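With chain Y's structure known, arrange chain L on it following the hints.
As a plain string of letters, each chain reads:
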Amino acid sequence: MSSVQAFVLAGGRGDRLGVITKHRAKAAVPFGGRYRIIDFTLSNCVNSRVHNVYVAAQYAPRSLQEHIGLGRAWDLDRRDGGICILLPYTGRTDSLWYRGTADALHRNLDMLLARDTEMTLVLSGDQVYRMNYGEMIRQHRRNRSRVTIAVKPVDATDSARFGMVSVDGTRVTRFEEKPETTDLRLASLGIYLFETQYLVRRLHEVVPSGHYDLVLDMLIPAVRDGDVAAHIFEGFWEDVGELDTFYNTSRSLLPASSAYLMDRRRPIYTRSEERPPAKFGATASVANSVVANGCRIFGHVERSILFPGVLVGEGAVVRDSILFSEASVYRHARVTRCILDKRVVIGDGAVLGQEDASEAVLGRLADSEVLVHTHEGLTVIGKETRIPPGFECRRPTMLDSMLSEDAVRQGIGDLSGVGA
Amino acid sequence: MSDTDVFILVGGQGSRLSVLSEHRAKPAVPFAGKYRIIDFALTNCVYSGFFHIYMLTQYRPRSLVEHVGAGKPWDLDRKWGGVAFLHPQQSFDGSSWYGGTADALVQNLDVLQHSQAEDALILSGDHVYKMNYEWLLRAHRERGSDLTLCAVEVPWEETRHFGIVVTDDSGRVIEFEEKPVQAQSNLASMGVYVFKREPLIRILQELQRDHPNLDFGKDVIPAMLSRGNVMTYRYGGYWLDIGSVHSYHNASMDLLGNEPRLNLFDGQWHVLTTEHNRPPTCVESSARVRDSMITDGCQISGEVVGSVLGPGVVVEEGARVEHSVLMDDCVVRRGALVTRCIVDKRVKIGSRAQIGVAGDGRANLEQPEVLRYGITVVGKDARIPAHQVVGTNCLVDMLAGPDDFAQRHLADGTALRTERSHHPVR
Numbered sequence: 001m002s003s004v005q006a007f008v009l010a011g012g013r014g015d016r017l018g019v020i021t022k023h024r025a026k027a028a029v030p031f032g033g034r035y036r037i038i039d040f041t042l043s044n045c046v047n048s049r050v051h052n053v054y055v056a057a058q059y060a061p062r063s064l065q066e067h068i069g070l071g072r073a074w075d076l077d078r079r080d081g082g083i084c085i086l087l088p089y090t091g092r093t094d095s096l097w098y099r100g101t102a103d104a105l106h107r108n109l110d111m112l113l114a115r116d117t118e119m120t121l122v123l124s125g126d127q128v129y130r131m132n133y134g135e136m137i138r139q140h141r142r143n144r145s146r147v148t149i150a151v152k153p154v155d156a157t158d159s160a161r162f163g164m165v166s167v168d169g170t171r172v173t174r175f176e177e178k179p180e181t182t183d184l185r186l187a188s189l190g191i192y193l194f195e196t197q198y199l200v201r202r203l204h205e206v207v208p209s210g211h212y213d214l215v216l217d218m219l220i221p222a223v224r225d226g227d228v229a230a231h232i233f234e235g236f237w238e239d240v241g242e243l244d245t246f247y248n249t250s251r252s253l254l255p256a257s258s259a260y261l262m263d264r265r266r267p268i269y270t271r272s273e274e275r276p277p278a279k280f281g282a283t284a285s286v287a288n289s290v291v292a293n294g295c296r297i298f299g300h301v302e303r304s305i306l307f308p309g310v311l312v313g314e315g316a317v318v319r320d321s322i323l324f325s326e327a328s329v330y331r332h333a334r335v336t337r338c339i340l341d342k343r344v345v346i347g348d349g350a351v352l353g354q355e356d357a358s359e360a361v362l363g364r365l366a367d368s369e370v371l372v373h374t375h376e377g378l379t380v381i382g383k384e385t386r387i388p389p390g391f392e393c394r395r396p397t398m399l400d401s402m403l404s405e406d407a408v409r410q411g412i413g414d415l416s417g418v419g420a
Numbered sequence: 421m422s423d424t425d426v427f428i429l430v431g432g433q434g435s436r437l438s439v440l441s442e443h444r445a446k447p448a449v450p451f452a453g454k455y456r457i458i459d460f461a462l463t464n465c466v467y468s469g470f471f472h473i474y475m476l477t478q479y480r481p482r483s484l485v486e487h488v489g490a491g492k493p494w495d496l497d498r499k500w501g502g503v504a505f506l507h508p509q510q511s512f513d514g515s516s517w518y519g520g521t522a523d524a525l526v527q528n529l530d531v532l533q534h535s536q537a538e539d540a541l542i543l544s545g546d547h548v549y550k551m552n553y554e555w556l557l558r559a560h561r562e563r564g565s566d567l568t569l570c571a572v573e574v575p576w577e578e579t580r581h582f583g584i585v586v587t588d589d590s591g592r593v594i595e596f597e598e599k600p601v602q603a604q605s606n607l608a609s610m611g612v613y614v615f616k617r618e619p620l621i622r623i624l625q626e627l628q629r630d631h632p633n634l635d636f637g638k639d640v641i642p643a644m645l646s647r648g649n650v651m652t653y654r655y656g657g658y659w660l661d662i663g664s665v666h667s668y669h670n671a672s673m674d675l676l677g678n679e680p681r682l683n684l685f686d687g688q689w690h691v692l693t694t695e696h697n698r699p700p701t702c703v704e705s706s707a708r709v710r711d712s713m714i715t716d717g718c719q720i721s722g723e724v725v726g727s728v729l730g731p732g733v734v735v736e737e738g739a740r741v742e743h744s745v746l747m748d749d750c751v752v753r754r755g756a757l758v759t760r761c762i763v764d765k766r767v768k769i770g771s772r773a774q775i776g777v778a779g780d781g782r783a784n785l786e787q788p789e790v791l792r793y794g795i796t797v798v799g800k801d802a803r804i805p806a807h808q809v810v811g812t813n814c815l816v817d818m819l820a821g822p823d824d825f826a827q828r829h830l831a832d833g834t835a836l837r838t839e840r841s842h843h844p845v846r
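Protein chains in written order, with the numbering used here: chain Y, 1 to 420; chain L, 421 to 846.
Just chain Y, same shape as in the assembly (with noise of 0.2 Å):
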């Protein structure tokens, strides 16, 4: 389908998700013991025949680019069409940063433009979903459509965190962006097609005009003017924004409904490591979990996910927790309700984390605004921080990361006391 272009908005900085995000963009999240989050839309592009992709990157876009390179694990290193990350740039007479969603596809239109393409399908790289766009493009073209969007009914108390609307027949006839009360039940999952000359004309109109939200802006006065579709899509989606769902999203894909990543007529491509498979060891117990190849456990891990590379000592215990890439937690260490970040070492007989659930403010990065919550009485620690051998601590934290032993002993980089 030469005819559809994606656009993936990956430039959020996902402030909700606290130290996780401080060192990548959100859509470079780390999900599911080997993904990123990312490969649930790069993959449903492949997967829906979409090979015409670009990505727009813009806070801490490395992680990204690294995980991307030329596309080659989503087969998109293509002669015709392919991926390509789009990164602010200078011109002769602007040199911004993407001020909004909208300024962000009005900035690449020349890209938009360069394909003749007849649709565009605009896309978060931040949701979680197996779906086939080629059934939303059936029935824009059917319908000739202008704009169809992706919805799905959600509980009333959910409605605070969508885009809520109301439809006769497929049309909209309402659009609620984030309601706190409404009698709405259509939640917008924020995958958009767009008839590209539709898309370019409305870019036009209102960018220039210093507008840059693509649903304020676009997509509501769409809707008053009749323009915009609606596609039921009932199948699992989450967006893992904040800390907890992005906990509990991860956890319900556990061994009961691993089904969901185990279904191969569509897969979830990632980036492959060069890794061993993983490694049990004589002393080791396992259950209720995810383990990626080269893990090697020697201790104890129940109702966690440990991504590649990670490492459990002998007569530690793991528990309804989740392990970055190459995590450490060294012999006789007690890891509950933690998520450790990418090479976080926690050394012999620390304990972290409390066993029950329980509401806290984790705290927020220094140059943040978000103050980060929890209700699972999570523990965070950022990327690359050490955890001194011996050290205890049995209540929800975020600690920064990279974090000396030292520096952990004295209490810096504890998260809860910046501006709590």
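No lab work stands behind these hints: they were computed from the structure. Every value quoted in this text rests on a predicted model; they were computed, and no experiment measured them. Beta carbons are placed, not taken as given, at the ideal position from N, Cα and C, and that holds for glycine. Please note that the accuracy of each hint is not assured.
[As the list claims (entries may be wrong)] Partner residues are not named here, just some residues of chain Y that face chain L (Cβ under 10 Å, in silico): (1) Asp227; (2) Arg264; (3) Arg265; (4) Arg275.
Showing chain L alone in chain Y's frame:
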């Protein structure tokens, strides 16, 4: 090392690997979960900086060619050098299959002649080891040898399976005996040779007239002793020729234990292979996994002990897999037992079946020399019915289905063949 050509011999039948190599070349046999045996030699080449590689194929090369492809996982898809397959071919001056390991090179002598390389490195595609060939080449050049052969100490009782090298104090080879009954040394040739290119061409041209089945171990190496300077290069690490079902099983077990003899968790020397896209492994709450190696994509609800599982293996609740190797996408149904088995790809083992349980321990009737060490081998895509019992030293043909199992209990040493496998029973 762009001044060295590498020739990897991957044409052998490997008949002592039983059904594992009946439909694929030995170097293409899956090993250690996600790898093929050939990955070790290819990884050694690229980590040592050798990028001009020729693969001499003959026996059932399809799976090998598919696996290696253009060489992408090893960064061998490159403008200069890379990996090329030298298949037997027809030409104006007749056509023939390769008669022996060195004959394969004789028939591609033009490649050697047109090369600009100074030396030729000759390897086997069916050895498991991690070796830096750069050091070997440096020693070869420093000593100005015409031929340097790599040698490793083996147990005295196994010397009769190897080419045995006798050296003087300087490491010069003074005698070479191919598979001697009474060995004078326990230093075995690993089948890893570096020749100066010119002397190699000369000796191949000289010997080919009288030897249609020219072999490196039998013919070329002994002849070199009287014609040039032949030195040894001692190798001290892990090295295993995966020549038989028994050595395959041993090498697999060498991956296990807290201090494994064969360590794949070597940050400096990650073995490279063609990656398949699989989700991580799921270990259910009913599972027990100990002392095992598990590749991505498995779903484990049962018990796995002392075993190596390839990608996508399913072990259902109440099933037990012990001291076995299960290749890609095998399924072990509820309550089944698999013990001391090597199970090829996509085999389905029915519920409450018991495979590999020893009775009188009789050697296999069809392959008594190969299957006599208490290991049962199941060929790929076989389907073993529920409640079936299969003894030890058994062979189950590839594609065997439920109707091929006439008896509920296959005694030790049984060879179950089926017409579905479309190849002659040896």
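Against chain L, is Y:Arg264 within 10 Å by beta-carbon distance? holds, 9 Å
Holds or violated: is there a CB of chain L closer than 10 Å to the CB of Y:Arg265? violated, 13 Å
Given hint Y:Asp227 near chain L, where the shortest CB pair must fall under 10 Å: violated, 39 Å
Just to be careful: measuring from the Cβ of Y:Arg275 to every Cβ in chain L, is the smallest value less than 10 Å? holds, 7 Å
Hint compliance for this structure: hints 1 and 3 are broken, all remaining hints hold.
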